[in-house]
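Full structure from sequences and hints, please.
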Amino acid sequence: MRQLLKKLAALIITLFIVSLLAFLAFQIIPEDPVTHLLGTEATPEAAAELRAQLGLDRPVLVRYFSWLAGVLRGDFGESYSYHMPVADMLSDKLPLTALLTGLSFLFTVLLSIPLGVLAGSVRSRFLDNLFAALDQMVMSVPPFFIGMLVCWLFGLVLRLFTPGAYVSYQDSWSGCIAYLIFPALSIALPRVAMTVKLLRGAIRHEMEQDYIRTSRSRGAGRAWLLFRHALPNALIPVITFMAVSLAEIMTASIVIEQVFTVPGVGRLLLASISNGDFPVVQAIVLILAAWIVLINFAADLLNGLADPRVRLG
Amino acid sequence: MKYRILAVFLAAAVLMCSLCGCGGATSETPAPSDEIAPSSPAAPVNEITVGIAQDLDDSLDPYQMTAAGTREVMFNVFEGLVKPDSDGNFVCAVASDYSISDDGLTYTFPLREGVVFHNGAACTADDVLYSFETCAATSVTSALVEALSAAQVTAEGNTVTVALDAPNPDFLSYVASVYIVPKDYAEQATQPVGTGPFKYVSRSVQENVILEKNGDYYGTPASLDRVTYRIFEDNNALFTALNGGALDLVTHLTIDQVNNLTNGYTVLEGTMNLVQAMYLNNAVKPFDDQRVRQALCYAVDVPAMMELTAAGHGVRVGSSMYPAFAKYFDASLADAYPHDVEKAKALLAEAGYAGGFSFTIIAPSNYTPHVDTATVLAEQLKEVGVTAEVQLVDWNTWVSDVYGNRNFEATVCGFDASSLTASAMLARWVSDNGKNMINYNDPDYDAAYAAAQDPSLSEAEQTEQYMRCLEILSETAANVYTQDLADFVAINPALEGFTFYPLYVIDMACLHFAG
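Sequences listed follow chains A and B, in order.
Numbered per this note's numbering, the first sequence spans residues 161 to 473.
Numbered per this note's numbering, the second sequence spans residues 4 to 518.
Calculated from the structure, these hints are not laboratory results.
The structure presented is a predicted model; accordingly, all values stated were derived computationally and were not measured.
Hints are not guaranteed to be accurate.
To be verified - Restraint ranges, calculated between C-beta atoms of paired labels, are given here:
1) A:Ile188 with B:Tyr188: 37 to 45 Å
2) B:Glu149 with A:Asp248: 32 to 40 Å
3) A:Val317 with B:Ala192: 43 to 51 Å
4) A:Ile188 with B:Asp259: 44 to 52 Å
5) A:Leu184 with B:Asp237: 27 to 35 Å
6) B:Arg409 with A:Leu228: 33 to 41 Å
7) B:Glu392 with A:Arg233: 50 to 58 Å
8) B:Glu392 with A:Ala229: 20 to 28 Å
9) B:Asp259 with A:Val301: 21 to 29 Å
10) B:Ser403 with A:Asp248: 52 to 60 Å
11) A:Leu228 with B:Cys95: 35 to 43 Å
Even glycine gets a Cβ: it sits at the ideal position worked out from N, Cα and C.
Below, the structure written as structure tokens:
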């Protein structure tokens, strides 16, 4: 319980620091929302008036704390560009990014565990080397490039989907999921490669342990040894790794959304940065930071569940 | 151990479900999908999907929108008392007729009967007065505000009269910019209401904008029932979607994209309606010397540059006017400075730069054609011993540094016209104009421009003065003029009626399916 409170305090402090840094970073970059809103033809008076109307003429810290006060009341403010409440915009976009993250995670789990077991149990030297080489290759290609390859192969050559013909989840859930399969695959592949590598190593390590040898000497079969003894132990580090990678999947989706033109949180974030629309940027940064902190926290808890040796006191 | 592993998997499953669950919950709410799906499978699909390269991340209020992309879409929703046609003339819209008094001071607009706003309200003289007042008070276009500040608008019955303090030959084009909106309607920024052939339905941030046919339109109604603008902020993604057949119409394509298009779409070629040039800061050395500017004009080979960057497409221009302004455009000015390295060297030597000099060309990084042009011109200038370094800046930096603070030596960019008037292209080069980015200062030019504003001139005489302005810009080599960029449109072969406008708009009302 005390541990939990500690974590919660850490979460709040992290969010505070992250949001302050994001706010300050905005003072350095040259994007000016007023120029963006008024264009090049506006009079200086109109610009000054808009600046005052948006409260941009106040000192940085005053603006930060008034924003913070709004957030504490649950008010994320209104987008400069769209004249819409930020909360409404995000409630449109978050389900989509969550869906993409969820699908990517599902693919990571479904693909990497069987493949990892396979890679960990093959006895042929050739196959083992092949697995290692493939692994290394997929791991080292950045996700956006995998995304482009997926677009080209599945979209333009095999015509399994039309790149760019994104279907809104508000129109059709199944259509949306069918489209998201490909970006999710692009996000999942490098994670799969990493997880396979980890699992393969862990299984090899377990299979050389004394308890396996003892069990084998008592006449246990290979499959029994693998699934009953080695796999459960080998999965412990993998589970922690996967949980942490859930945080990375969310950030990877920001990049992949650009490649597949999925109008999720990531694209909104980038566009808002270039428009100087900082009520939106602040809200997204806050959500991403909260997600990462929470996932790490959950990973700690899972680790404790799976391995009593690290269980929290 | 077995149970522990099971517990972990259960925990992971719960986490997954909660992730999907947050989506699942929203799916229970009544989705608007019912209206989007065709009501009966037998109904003919009379709608198109248009790909656009930028989001409408702007206010949709007719007086607040600034982005060219937003205006391009909303042209179909809003109308003024008059509106431009594809030849650049003004035709009646909300007004049924117009007349201008002989002294050019009084404009009379009888309102058309039966004009209805998209929200169902009838359009009255009160709405027109309200629109003029609101536009004058809040518009972000300073030239428009200035023109309206010298006008008194009154209504009598169903006739609106505009009295000017002084004659303004361009006033009709400003009238066309005052979009007529319903009085005291406060939601224009997010749910705009106008009188145009299409009504605004919805916008989904970074996804789409949907327009629907205005069934109550007073004129010839649009043929298409529905137009969906799909937003692609990434040019490659836009092209992939087009080539995959997901879109019916995409404008502003480059020659490379057209050459890579493989799906049998019809390709139309127009121009972008802008003047691309290497704009020179006439106030900084060595560009304050006319001979140096002329030398640069002789030194560059514009046809070769166009060949390299756009396979020869585009139209050469020699002054600050693009070809769609047929009345003022003089194609011969483009040949004023043929490629002549010797002459360039001689002029440089005369100006005291026999050994050449170096300078920086700034180009906005988001506009590939400008960057390409800058790169080729810099290469060509080496031949006369001039070293130009191309520096890319992001658009906001360009606007504040180059355009706002005039802190540059040379920049490649394009200028377009905010209204269909010669002054929209030429006013900015008058020496004391606030938008005179290049610090151009020529007494002859100022005099010719001022003469063109004289209300007693006939149209032909006024045109003559504007043509004189264009010649002066060419003679003094104000800038190294290059071209009006080619603009390619890819369109579903079944769609007919696409019309190029001399403005940055796409008129959806003239599109229809064949047969």
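Here's how the hints hold up against the structure:
1. A:Ile188 with B:Tyr188: 37 to 45 Å: 40 Å, holds
2. B:Glu149 with A:Asp248: 32 to 40 Å: 37 Å, holds
3. A:Val317 with B:Ala192: 43 to 51 Å: Cβ of Val317 of chain A to Cβ of Ala192 of chain B: about 44 Å, so the range 43 to 51 Å holds.
4. A:Ile188 with B:Asp259: 44 to 52 Å: 35 Å, violated
5. A:Leu184 with B:Asp237: 27 to 35 Å: 29 Å, holds
6. B:Arg409 with A:Leu228: 33 to 41 Å: The hinted range 33 to 41 Å holds for Arg409 of chain B and Leu228 of chain A, with Cβ atoms some 39 Å apart.
7. B:Glu392 with A:Arg233: 50 to 58 Å: 52 Å, holds
8. B:Glu392 with A:Ala229: 20 to 28 Å: With a Cβ separation near 48 Å, Glu392 of chain B and Ala229 of chain A fall outside 20 to 28 Å, so the hint is violated.
9. B:Asp259 with A:Val301: 21 to 29 Å: 26 Å, holds
10. B:Ser403 with A:Asp248: 52 to 60 Å: 31 Å, violated
11. A:Leu228 with B:Cys95: 35 to 43 Å: This hint is violated: roughly 54 Å between Cβ atoms.
Comparing the model with each earlier hint shows violations of hints 4, 8, 10, 11; every other hint is respected.
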